[in-house]
Amino acid sequence: MQQFEVLVVGGGGAGLRAAIAAAETAPEGRIALLSKVYPMRSHTVAAEGGAAAVTRADDSYAAHFADTVAGGDWLAEQGVVDYFVKQAYQELVQMEHWGCPWSRQANGDVQVRRFGGMKTERTWFAADKTGFHMLHTLFQTSLKHSNIQRFDEFFVVDLLVNDGEINGVLALEISTGELHAIQAKTVIMATGGAGRVFRFNTNGGIVTGDGMAMAYRHGVALRDMEFVQYHPTGLPGSGILITEASRGEGGVLVNKDGYRYLQDYGLGPETPLGKPENKYMELGPRDKLSQAFWQEQQRGRTGNYNGSDVVYLDLRHLGKDYLYERLPFICDLAKSYVNIDPVTQLIPIRPAVHYTMGGIETNAQTATSIRGLYAVGECASVGLHGANRLGSNSLTELLVFGRLAGEEAMRHARTSAPEMDQTKSAQTLRQWQQKLQTLTASKASGVTWVQLKRELVQTMEDGCGIYRTESGLQASLAKVRQLKQQYQQVQVGDTSRAYNTDLLQCLELEFCLDVAEAIVLASLERRESRGAHQRLDEGMTARNDQDFLRHSQVFFQSQADATLTWQAVDTSLSTPGERAYGAQGQQSEAR
Amino acid sequence: MAYKPNLQRTWWLQHRFFRAYMLREATVLPLVFLLCSLLAGVYSLTSADAFIAWQGFMAKPWVIVIHTLALLASFYHALTFFQLFPRVMPIRLGDKSVPAVVMIAAQWSGTLTVIALFLWLFGGGL
Amino acid sequence: MHKEIQIKRYLPEEHAEPFWQTFRVPYDETTSVLGALNYIKEELDSTVSFRWSCRMAICGSCGYMVNGIPKLGCKDFVRNYPAALRIEPLAHFTVERDLMVAMDEFLQHLEAVKPYLIAEPSEPHKPHRQTPAQLAKYKQFANCINCGLCYAACPQFGLNPEFVGPGAIALAHRYNLDSRDQGKAKRMPVLNTHDGVWSCTFVGFCSDVCPKGVDPAAAVNQGKVESAKSMLIQMFRGGA
Ligand SMILES: Cc1cc2nc3c(=O)[nH]c(=O)nc-3n(C[C@H](O)[C@H](O)[C@H](O)COP(=O)(O)OP(=O)(O)OC[C@H]3O[C@@H](n4cnc5c(N)ncnc54)[C@H](O)[C@@H]3O)c2cc1C
Ligand code: SF4
Ligand code: FES
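Line by line, the protein sequences are chains D, L and B.
If you're matching positions, the first sequence starts at 1 in full-length UniProt numbering and goes up one per residue.
If you're matching positions, the second sequence starts at 1 in full-length UniProt numbering and goes up one per residue.
If you're matching positions, the third sequence starts at 1 in full-length UniProt numbering and goes up one per residue.
Same shape as in the complex, but just chain D:
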């Protein structure tokens, strides 16, 4: 197979944007795009709410910056945030020029909506299918570039690294079961998040942290992994997301007594029905809302739906016409999956794992510690989100940093001549062939990935949920490590080569296990409460800048337990302040 200049792993929003940028940087450049599913199946497709950028005349970069940094509880890299807010608008305009069907105002200008944690309306949206429209627009636009060679349904299993420099990837062609060593001067990881490490989540089945684990196994740090965002409004049972936009449009949350309980948790005073206000009540940030659910649950004020504790989202006052225009997908989802008509009924909801703030550590230019290896999108930690991501920042992140990664990688490829170690690649290939053969050798039913996966997601929920304790985390860490041991005996029931999805899910579980260890270890070591990471242990329930205004970095150790170090945070532009919402937020701002 030929050698590529830029090889992108992942066909979601980040991967496609990177591939297009690389193609535009060098119209004759050789670019490969590998994805384990057809690009338009990537989980970006599920994003509903919107993408943020400073748009209105009464808004400013400084305001978007402040919201993002405070939202991330001062753990964001401020230089990165600064770059991001300044590039955001142009990237959304670029999407518009590629045909993205953004929702409009009557005069034809782009419409912006409110979003949790954002002080001003600055979220661009395409009805309630923003991610879907963005992904399809990007995919379709990528078809214009004949120098992007797609490898659809190629499952990347490993990176080819030679002496701290990338050489390419090792990929399993799903339709044949054949392994290919594909050479490339640069590789961009854009493999998405790891929500499936948890039992109850809003993510698709493919969101299993593959890219994070691959880079991690080659010595790149996973940074800030303890910060896992719960979305306050998932449907019970499936975890299917009910977008935050439903609250932005005026939906309210009530407990089993019909009481708007958020006012009891520092988000009040209650805003009048139909008059949502940014950063108050239902438009507080996600971590606060999810935590409030947990508190209500402890107080026995939650309702029940098919065995799940739930609170309720009330959209009835918005009226049928408005709901069908602004939130048609939500109406459809509620009808199909919980048999509820939001026009006349309350939607039962509960928090669900949604987003991994942490990921493959990169610098502000998306480069990792391996030369020629870049990472972007949800799999990466460029430092934008800190301890908690604000909704609608991540879709824009895919564009801003996807473009940057594509340009940087192509430029690097054109100015460097990495040494390609063919023998080493061939050796890695043989090792993997051996490994896959062993896994699929016999139909013997030993340990299966199904059992191990169930135990993994259960222990993650038990010990590493919305609120965490020392003992719970210790137990989960021990459990995850035990599961990693058991995985050594795992067997795949399906012995065939073509479309062996049994094998794929087994490999995904292995990625999940490594990522899970990093998440639990970082959660255990961060003995404070910040953003999405909340500890109940004594002395750890508040933010502690003295000791923990630092990023965690977890490093893989091949035969031993993972290790953790701390890294300074860039706070050069804004000194850490109090993170408050509702009336409290107003006061602290006035001060």
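It is worth saying that the hints were derived from the structure and are not from the lab.
It is possible that some hints are incorrect.
To be verified - Once the Cα atoms are required to be at most 30 Å apart in a straight line, the calculated BS3-like pairs of lysine-lysine come out as:
| id | chain 1 | residue 1 | chain 2 | residue 2 |
| --- | --- | --- | --- | --- |
| 1 | B | 114 | B | 126 |
| 2 | B | 186 | B | 137 |
| 3 | B | 114 | L | 4 |
| 4 | B | 139 | D | 320 |
| 5 | B | 126 | L | 96 |
| 6 | B | 114 | B | 229 |
| 7 | B | 114 | B | 186 |
| 8 | D | 144 | B | 114 |
| 9 | L | 96 | D | 335 |
| 10 | D | 144 | B | 224 |
| 11 | B | 114 | L | 96 |
| 12 | B | 126 | D | 144 |
| 13 | L | 96 | B | 137 |
| 14 | L | 96 | B | 139 |
| 15 | B | 3 | D | 443 |
| 16 | B | 8 | L | 4 |
| 17 | D | 275 | L | 96 |
| 18 | B | 186 | D | 144 |
| 19 | D | 484 | D | 424 |
Mind docking chains L and B with the ligands on chain D? Use the hints.
Below, chains L and B with the ligands alone, put in the same frame as chain D:
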């Protein structure tokens, strides 16, 4: 290694939807017969004998049955056609598209007007 | 509650021919067809292969024939089938294993219609203006999730795999209707051919099975009007 089932000749018997489609397409058969009959009528105008023979033919019960069928078929065809029309030629007035039911109703009222006109012209009033 | 579910299996590495296999699956009010398949894979037979991801009817992976009708597995529920439930791979595509079909056959058609905005933006740093009415003109056709159900519903595609097909034509039409687009002249040649819009006999089943209300049949037949216009124009130009 792969397989691809061939579409069987009887594919259209498989479900109701396809049968309804085939029925719509089949409406053309009695209509063809009607048109041929009318053409023959026009041709028969050249001689009195031929015209009388044609009248006899038109009065045969089975011919009447087929022509009645043709009438029903044309109604059925109109029904399906009118239903499809708003989707092929959507009409927008400002922000809103004209609802399909309105367009279908308009088409039917047009049809009824034409029928009434014919009855008035040739039937000597309603 | 339990249900007998039959699956049309195809394991080319073991058997030359497809065969039917029956499973007994527990279900409740909320069990989707995809949920049942996942139960089978995890509990009964891990070799059963099928595509899925989002489980919320938006990624377009999980198209199967359920009792002979193309459906999204994650948006079709076991409760809808009081009698038997038979799952087969999507019709009219080449089957490569179990419920896995060669989706490339659809993607090729998609790529052929140039489904992207063709335009020179007049102002690189500003969005175009597009009124809600202009957006509404094409919006429905932009909702296609590329699931391929309409291809499995289209007998003309079954008879002639070269037919560009409902989904791809809907997408071409979506861009043709977009007030920002100037690429219609480039797309029409593909639609004007026999394998373009003119293969369609307006069976209309494609729109019935479409899970997203795209109404591809409408797109194809509006496309016929456009095609007739564009061919007339060409005739006059050619004659002059
Ligand atoms: C339900 C939901 C709603 C959301 N709503 C919003 C919102 O309103 N606003 C917002 O800003 N953010 C939102 N987010 C977050 C945002 O959508 C995601 O963070 C973002 O889409 C991730 O994009 P990505 O390109 O990084 O990854 P993905 O879109 O997940 O793509 C990952 C790609 O990597 C490929 N891949 C993975 N592993 C491998 C492998 N081993 N080999 C080959 N390929 C591989 C996959 O095939 C896929 O193509 C939402 C998220 C969810 C789950
Ligand atoms: S038009 Fe409808 S049925 Fe056809 S591919 Fe698109 S979403 Fe699927
Ligand atoms: S699994 Fe995504 S559409 Fe069904």
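Here is how each hint holds up against the structure:
The suggested pairing of residue 114 of chain B with residue 126 of chain B holds, with an alpha-carbon distance near 24 Å, which does not exceed 30 Å. Between the alpha carbons of residue 186 of chain B and residue 137 of chain B the distance comes to roughly 20 Å, so the proposed pair stays at or under 30 Å and holds. At most 30 Å may separate the alpha-carbon atoms for a hinted pair to count; residue 114 of chain B and residue 4 of chain L meet this at roughly 28 Å. For the suggested pair residue 139 of chain B and residue 320 of chain D, the alpha carbons sit about 20 Å apart, so the restraint of at most 30 Å is met.
Annotation: proposed proximity of residue 126 of chain B to residue 96 of chain L holds, straight-line Cα distance about 27 Å (limit 30 Å). Distance check on the hinted pair: residue 114 of chain B and residue 229 of chain B sit about 20 Å apart at the alpha-carbon level, within 30 Å; holds. For the hint pairing residue 114 of chain B with residue 186 of chain B, the CA-to-CA distance comes to about 8 Å; that is within 30 Å, so the pair holds. Taking the CA atoms of residue 144 of chain D and residue 114 of chain B, the gap is about 8 Å. The hint holds against a cut of 30 Å.
Of the pairs offered as hints, the one joining residue 96 of chain L and residue 335 of chain D holds, with about 26 Å between alpha carbons and a cut-off of 30 Å not exceeded. The hinted pair formed by residue 144 of chain D and residue 224 of chain B meets the criterion: a straight-line CA distance of about 25 Å does not exceed 30 Å. A hinted pair counts as satisfied when its Cα atoms are at most 30 Å apart, and residue 114 of chain B with residue 96 of chain L qualifies at roughly 29 Å. Restraint check: the Cα-Cα separation between residue 126 of chain B and residue 144 of chain D comes to about 22 Å, which is no more than 30 Å; the hinted pair holds.
Distance hint between residue 96 of chain L and residue 137 of chain B is fulfilled; the C-alpha atoms sit about 10 Å from each other, no more than 30 Å. Restraint check for residue 96 of chain L and residue 139 of chain B: satisfied, since their Cα atoms lie roughly 13 Å apart, inside the 30 Å limit. A hinted pair counts as satisfied when its Cα atoms are at most 30 Å apart, and residue 3 of chain B with residue 443 of chain D qualifies at roughly 27 Å. Taken as a hint, the residue 8 of chain B and residue 4 of chain L pair is honoured in the structure, with Cα atoms around 13 Å apart against an allowance of 30 Å.
Distance hint between residue 275 of chain D and residue 96 of chain L is fulfilled; the C-alpha atoms sit about 28 Å from each other, no more than 30 Å. Taken as a hint, the residue 186 of chain B and residue 144 of chain D pair is honoured in the structure, with Cα atoms around 13 Å apart against an allowance of 30 Å. Between residue 484 of chain D and residue 424 of chain D the CA atoms are separated by roughly 27 Å; this keeps the pair inside 30 Å, and the hint holds.
Checked against the numbered hints given earlier, this structure breaks none of them.
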